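Two chains, two separate frames, one set of hints: put the complex together.
In order, the protein sequences belong to chains H and F.
Numbering-wise (my numbering), the first sequence opens with residue 15 and increments by one.
Numbering-wise (my numbering), the second sequence opens with residue 65 and increments by one.
Think of the hints as simulated: they come from the structure by calculation, not from any bench.
The structure displayed is predicted, hence computed values, not measured ones.
C-beta atoms are modelled at their ideal positions from N, C-alpha and C, and glycine is treated no differently.
Any given hint might turn out to be false.
FRET-style restraints, in silico, Cβ to Cβ [what the hints assert, rightly or not]:
| id | chain 1 | residue 1 | chain 2 | residue 2 | range |
| --- | --- | --- | --- | --- | --- |
| 1 | H | Arg-180 | F | Asp-271 | 27 to 35 Å |
| 2 | F | Gln-256 | H | Leu-47 | 50 to 58 Å |
| 3 | F | Pro-191 | H | Lys-137 | 31 to 39 Å |
| 4 | F | Gln-372 | H | Ala-70 | 52 to 60 Å |
| 5 | H | Arg-83 | F | Arg-334 | 50 to 58 Å |
| 6 | F | Asp-426 | H | Arg-83 | 38 to 46 Å |
| 7 | F | Glu-268 | H | Glu-114 | 55 to 63 Å |
| 8 | F | Asp-398 | H | Leu-261 | 53 to 61 Å |
| 9 | F | Val-192 | H | Asp-113 | 24 to 32 Å |
| 10 | H | Phe-128 | F | Pro-191 | 25 to 33 Å |
| 11 | F | Val-192 | H | Lys-137 | 33 to 41 Å |
| 12 | H | Lys-137 | F | Gln-256 | 48 to 56 Å |
| 13 | F | Gly-312 | H | Ser-246 | 29 to 37 Å |
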Amino acid sequence: MGDFFIGTPLMELKDRRELIIPGTDRVAQAVFLDGKEPQWKYQASARATFADWMTAKENPFFAHTAVNRLWGQLFGIGIVEPVDDFSTENKPSHPELLDELAKQFAEHGFDLKFIVRAICLSKTYQQSSVYPGPSKPETRLFACMPVKGLSADQIFDSLIQATGNRENSRGNSNRFAAINSPKSTFQQKFAAQEKRTEFQTSIPQALALMNNPLVATETHPEKGDTLAAIASAPFLDTAGKVEALYLAALSRRPTEQESCRLVSYVDQGGNDREKKKALSDVFWALLNSPEFLFNH
Amino acid sequence: MLRDRLSRRDWTRLASAGALGGSMSNWFGALADDAVQHPQRKRSVILLWMAGGPSQMDTFDLKPGHSNGGPFKEIDTNVPGIKIGEHLPKASRHVDQMAIIRSMSTKENEHERATFHLRTGYQPLGPVQFPPLGALMGKELGDDSAALPSFISIAPFTVLSPAAFGSGFLEPRHAPLLVGANAFRQSSNYEQTLKVQDLVRPTEVNDKQADARLGLLKGLAKDFAEGHPGVVAVSHQTAYERATRLMGTAAAKAFELDEEKDALRDAYGRNLFGQGCLLARRLIERGVNFVEVTLFDVPGAQGWDTHQRNFDLLPRLCQVLDPAWSTLLQDLKDHGLLDTTLVIWMGEFGRTPRINRDSGRDHFAGAWSTVLAGGGIKGGQVYGKTAADGNSVEENPVSVPDFMCTIVKALGIDPTKQNMSNVGRPIRIADAGSKPIQEVLA
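Just chain F, same shape as in the assembly (with noise of 0.2 Å):
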């Protein structure tokens, strides 16, 4: 520990130097800044990930009668000519928001780095740490003045690639703010699981106490800063006033889910996920930049991994997204969102075609699907094409990078905008010679 080396002279020396007198900024000042209502909206994400990888063939890309086509029959959509699977019938209604993705064909098969690879857009190399699209596109559509923070993550199991939810080589005020993370197996403490952490003061520490402290941690501060200028201390002040703005009515009221009338609440899904996912809408609606919504715990499955009981699994899960998925699409719509918000739906990979001894389907990244609604996006169509067994792409293959520019163009950011990297040479927001979907964009 250095804290000892100063000495008292030096202190006292810095001190007379005018870290006491003076007038002193006012550094909480933005308190009562309103971010909720922006006059020129930009674009916003909502990220819905299927942490373990959805089966496409159980999805959005059935093959009835054929042998690697499980039980699970096709219905109709609200768009003449598009099937998808029959445990989505709510989701099927919205199709004509959706862009459904068939062509996805990436490089990864493994849990770990294909989580990275499809939130990073960029394959693990080396020492590069290459940031989530969320804090990407924080950092471009942010505001550091906003009450709340660009990138939330909720109900994320980061436990499988950490890196994968964190700030990559951008500074770490990009860094998502996780609520609820890794709540593995507390899906049905859901209300408690989608509160920010430490959000709350003391109980017995009232707010004329809780300005005073802060008022005193504001001279100790500014003291320090002056002796040690520099990014650290800065940072220090920055951090400080941004957690007292969330802690501030306007933006921990978004938290609030209880504001919420109780049909539509039911409607999303009385479950992590489903309160994730209104969660999210609230947070779109105050002008959080990137949502992410993580469905994994659910009651009777763990993830979209299924390797064994596939068909047992799957209407499991699709019993939580279907009803989530398609109530805040119509949310998002009624509150006007739906225009400026695209919604992702991905997982890291997809799953076999083959259907394996334990009647469940092992990881593919060969040909699998990805769906894209929502602001920015030409809704109703299906794009690329998989072969009969669904082993293999037969039109416009989609590549990780490709995805990823579509996406960041959907948004209307420049897919070339480099920013430095951690080893020192600037990096794309996508991948060199990535290509937007232009069939997809609106």
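In isolation and in its complexed conformation, chain H is listed as follows (with noise of 0.2 Å):
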């Protein structure tokens, strides 16, 4: 294999096709993994040959894989999970839906955009993550959709579309001042986890997202931004606030109970001071459950 890849990135060797094993007088000479000699044609490097190999109609394992990277990318889960374990032992949880988007993507020349549309207008995809039954059902039947953790730049990221804070909105381009940006932190305490599924809250990320100065800030009733604009908004009432920051937060509207409770919980705050103090906390509620923290 490591024939293909002789030369570096910056400079290509087009016509080296073998390669000294090291340590030894051995020379190997580039084939395709299934045995079969290159067509090597005339000042086409040995990579762009393996590329197209490796992409061609006929290579069937080329379809499968992608479709199946973008099926777990999309469901948290693969149709052969782990999706970079294709093997005897490892098998798709349903090979013939995953034949067929296969057969689909190769015959629509492997169109991204034909095959993420396909997934996504299907009942499947757009099932309620939500199950009425008291357990989940396995996950890899897709019955519901899964709930899924979040990565650290989408955490980082809704965080600062919901509160507002444009100043931590874009990253720091100097590596030593972004260290200990707010970014970085999020970046380093909401490292990826193998299983988006079975994603666990660690306790610093449940610490940073209670008490980071980031949040502490946001939830401030005067010093955060989106808060301070709902909290002191003439035009609304609680009902009205208590709306907006669900919709800063969550995308949606409360339901009539959640309203219910939270107006009453804002409301015995009494005078002035203590209502936005009283809808800080509603705020900060919102932005550390769950329904904000996962994909589901």
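This is the structure we're talking about:
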């Protein structure tokens, strides 16, 4: 395999197709994984030749692997799972579906948009993540949409979007200044997990979401960008303010019950200052809630 | 984002289906738990991690008179016949507690791979995410209802091998709580560095308001969990419970080093590693199972990677190590904790016996030293022997799996116990075929 990749990325050697095995005198010739001799073309690099072979319509693995990875990205779990482990011992959960998706992908010239559209328009993808029963059905049966963890960037960007904090919306291009920036502290704490459908929240993550200076400022009744604007909006009553906080954090309106519960929580605060403080509690709770923190 | 995919009607239906009524399980109920006093104390571990790879030739396996030996002298210890390097005078008074292993013979001599190898017991291998020892031991010894996490890593330098500071293929709850991670060149600010990040809530939020917030969150989390049963929602609840407990007075107090007498704090050394070792004792005392303290950033030196000026840098590193380590052993003893606490001293490899042209020593995995002391260990001995030039092991070579197996045995855990890995096959705590060093075990 290594023979296809001779030469650095900066200067590819177009006519080298062999490699001396380190520590020996043996020379290995580049051949395809199926043992066939490549048809070398003049001035075409070994890597380009390999890429052509790999993505050829006749290679069934390429389309299968690609659509499986896409499926894994969209559902948090592949039809073959882990998505990079295609082997006889690790069978697909729905082989016919995988074959059909792969076939359609190849027939449509490996058009990613086509296949993403196909998956997203399916009933399977459009199922609710809410399951009415007492225990969750087996994730691999896709009986309901799995709840998935968010990436560090998704969590941070969601926080920024919900709180209206513009200061930290851009990354710092200075690597050293960025080391202890709010963004990098979130990136450190929310490292990617192997199984997004079994995402586990850690103690440092919970602490960061509860007490991090960014969250502290943005849930402060006077300092929080979104919060202060909503809390002091003269045209909104308490119900309107609670609704605005829900829209900011969860992109939906509260249910009647939720609204009742939270409006009475805020109104029992009494004076205007206490009410604002109570609104900050509501916002804090929304930002720490699983509905905000997971993809569902 | 799929957030808004649920219709308003769905939510109403859910809410009326009982999400709001009925009894709410009190998931912050364990707040008052006092995990500090356990009647039957399990074994615990303090790992003193020597980032960069310390020179065995100048610490525990000197070769005076040989051209590889260098300028340092040997000194007597409190065990007749055992000599160690002159820059560890205080530690030399505790050799009766130590098993000095001079015959480590390992396979990786590059920082990243060796750090992974020594911390997990396995060589980096394809997609298998081997967990570090602390995560494995925390899983075996730990108690989820404890106020403090089972595995805490103090001042780690995780940049070289981040995977060796996570939970590997174990559940993420076994990952270490990192305190003062990558505090590069911030050792003068050790008081701040040794605090848990975000442990304290904003000052303007008082107890009553904090409780009210948690109450609201509990309601939201419960609603979500009813519609979305499963590990993601449960783990969210558990993490918030444990984080809240950690914020509680009893647990947070562990990090208040001010409570200690000045004389003791001085004895440990007023620096990141010294105070980190003191914190380690306070955490062990409060039931944490595995604490590691990394020695990396000291005045004038960055870790043990002494390719240049070895004989200038090593004394500086030892000046920090020696008082901290010896005070830790004494302090554990004074608190009655040494019999149940295994103290490990190791880096990722040793250093070349040959001195290079920059008066330095380079990476060397062939023949080097580690030290085990305290709980489960028969102290006052040297195990293994290297050649006169230090280039090879002459007696009793110790591989990484054997070393891990010995540690696991010393903690009273079965090293053949298996955990399911991320590649779907079970993997032993200590690699198959490994044997404990019986001579070293008490």
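Verification of the supplied hints:
Restraint check, H:Arg-180 to F:Asp-271: a C-beta distance of roughly 33 Å satisfies the suggested window 27 to 35 Å. The hinted window of 50 to 58 Å between F:Gln-256 and H:Leu-47 holds, with their beta carbons roughly 55 Å apart. Roughly 33 Å separates the CB atoms of F:Pro-191 and H:Lys-137, a value that falls within the hinted 31 to 39 Å. In this structure the supplied range 52 to 60 Å holds for F:Gln-372 paired with H:Ala-70, their Cβ-Cβ distance being about 54 Å.
For the pair H:Arg-83 and F:Arg-334, the supplied restraint of 50 to 58 Å holds, since their beta-carbon distance comes to about 53 Å. With their beta carbons about 42 Å apart, F:Asp-426 and H:Arg-83 fall inside the hinted range of 38 to 46 Å. The beta-carbon spacing between F:Glu-268 and H:Glu-114, approximately 58 Å, falls within the hinted interval of 55 to 63 Å. Between F:Asp-398 and H:Leu-261 the beta carbons are some 59 Å apart, a value that agrees with the proposed interval 53 to 61 Å.
Taking the beta carbon of each, F:Val-192 and H:Asp-113 are about 30 Å apart, inside 24 to 32 Å as hinted. As the Cβ distance of H:Phe-128 to F:Pro-191 is approximately 31 Å, the hint placing it in 25 to 33 Å holds. Evaluation of the 33 to 41 Å hint for F:Val-192 and H:Lys-137 yields a pass: the beta carbon distance comes to about 37 Å. Between H:Lys-137 and F:Gln-256 the C-beta distance comes to about 54 Å, which sits within the given range of 48 to 56 Å.
At about 34 Å, the beta-carbon gap between F:Gly-312 and H:Ser-246 stays in the expected band of 29 to 37 Å.
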